[in-house]
Amino acid sequence: MSDRLEKLLEKYWEAETDLAEEAELKTLLGKAEGYAEEKKFFLGLESIAAMKPSEMTMPKQEVWLWANWKKIAASLLVMAVAGAAYQRYETKKAEREAYEQVMQALALIQENMQKGTSSMQIMQEMKHLNTTQEIFQIPAKTDNP
Numbered sequence: 001m002s003d004r005l006e007k008l009l010e011k012y013w014e015a016e017t018d019l020a021e022e023a024e025l026k027t028l029l030g031k032a033e034g035y036a037e038e039k040k041f042f043l044g045l046e047s048i049a050a051m052k053p054s055e056m057t058m059p060k061q062e063v064w065l066w067a068n069w070k071k072i073a074a075s076l077l078v079m080a081v082a083g084a085a086y087q088r089y090e091t092k093k094a095e096r097e098a099y100e101q102v103m104q105a106l107a108l109i110q111e112n113m114q115k116g117t118s119s120m121q122i123m124q125e126m127k128h129l130n131t132t133q134e135i136f137q138i139p140a141k142t143d144n145p
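Numbering (our numbering), first residue to last: 1 to 145.
Please keep in mind that the hints were generated in silico from the structure rather than gathered at the bench. Among the clues, some could well be false.
[Unchecked claim] Result set (SDA-like, lysine to any residue): computed pairs, CA atoms no more than 25 Å apart in a straight line:
| no. | residue 1 | residue 2 |
| --- | --- | --- |
| 1 | K93 | V78 |
| 2 | K7 | K31 |
| 3 | K31 | A20 |
| 4 | K40 | Y12 |
| 5 | K7 | E22 |
| 6 | K92 | K70 |
| 7 | K31 | K70 |
| 8 | K70 | G83 |
| 9 | K39 | E10 |
| 10 | K7 | A32 |
| 11 | K70 | T91 |
| 12 | K40 | E16 |
| 13 | K92 | M79 |
Input sequences plus hints: build the corresponding full structure.
Set out below in structure tokens:
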């Protein structure tokens, strides 16, 4: 009987037994003396199989918010950084647009100044119209009495 028990145990640990051999192994272990570890193992399997689902205790689940607080904090941090980056981008964009508008206004002023200066140049060229006073040495009229 002990030889058969040894052979069945060896086959069981190598996962080569069928259901009939496992049932025979359990009955042989129940009758044999010794084999305390094997008996404890098989009795443990039987007690687990005999348990009803209502007797099994399920691990207590944590509240969802507390269980995932790191994920929530990380996502909030990512959103805050993205918001700050977007705000900085928009500020730089507004500054760039304002700079371009000022430069356009200054270019328009410069263009108009050049037009005005060129018209003054024409007036300088018409200076010869006052040459009669210079030729006849007529003093310029003064408004002082």
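Comparing the hints with the structure gives:
1. For the hint pairing K93 with V78, the CA-to-CA distance comes to about 22 Å; that is within 25 Å, so the pair holds.
2. About 16 Å separates the Cα atoms of K7 and K31, which keeps this hinted pair within 25 Å; it holds.
3. With a C-alpha separation of about 17 Å, the suggested pairing of K31 with A20 holds against the 25 Å cut-off.
4. Only pairs whose Cα atoms come within 25 Å are accepted, and K40 paired with Y12 is accepted, the gap being roughly 15 Å.
5. This hinted pair checks out: K7 and E22 have alpha carbons roughly 12 Å apart, not beyond 25 Å.
6. Distance hint between K92 and K70 is unfulfilled; the C-alpha atoms sit about 33 Å from each other, more than 25 Å.
7. Between K31 and K70, the direct Cα distance comes to roughly 56 Å. Violation of the 25 Å bound is thereby established for this hinted pair.
8. Distance check on the hinted pair: K70 and G83 sit about 20 Å apart at the alpha-carbon level, within 25 Å; holds.
9. Restraint check for K39 and E10: satisfied, since their Cα atoms lie roughly 15 Å apart, inside the 25 Å limit.
10. Restraint check for K7 and A32: the C-alpha separation of about 14 Å stays at or below 25 Å, so the hint holds.
11. In summary, the hint linking K70 to T91 is not supported, as the alpha carbons are separated by about 31 Å, beyond the 25 Å threshold.
12. Between K40 and E16 the CA atoms are separated by roughly 21 Å; this keeps the pair inside 25 Å, and the hint holds.
13. Under the criterion of a C-alpha separation no larger than 25 Å, the hint pairing K92 with M79 is consistent with the structure, at around 20 Å.
Figure legend: structure checked against the earlier numbered hints; hints not met, in rising order: 6, 7, 11.
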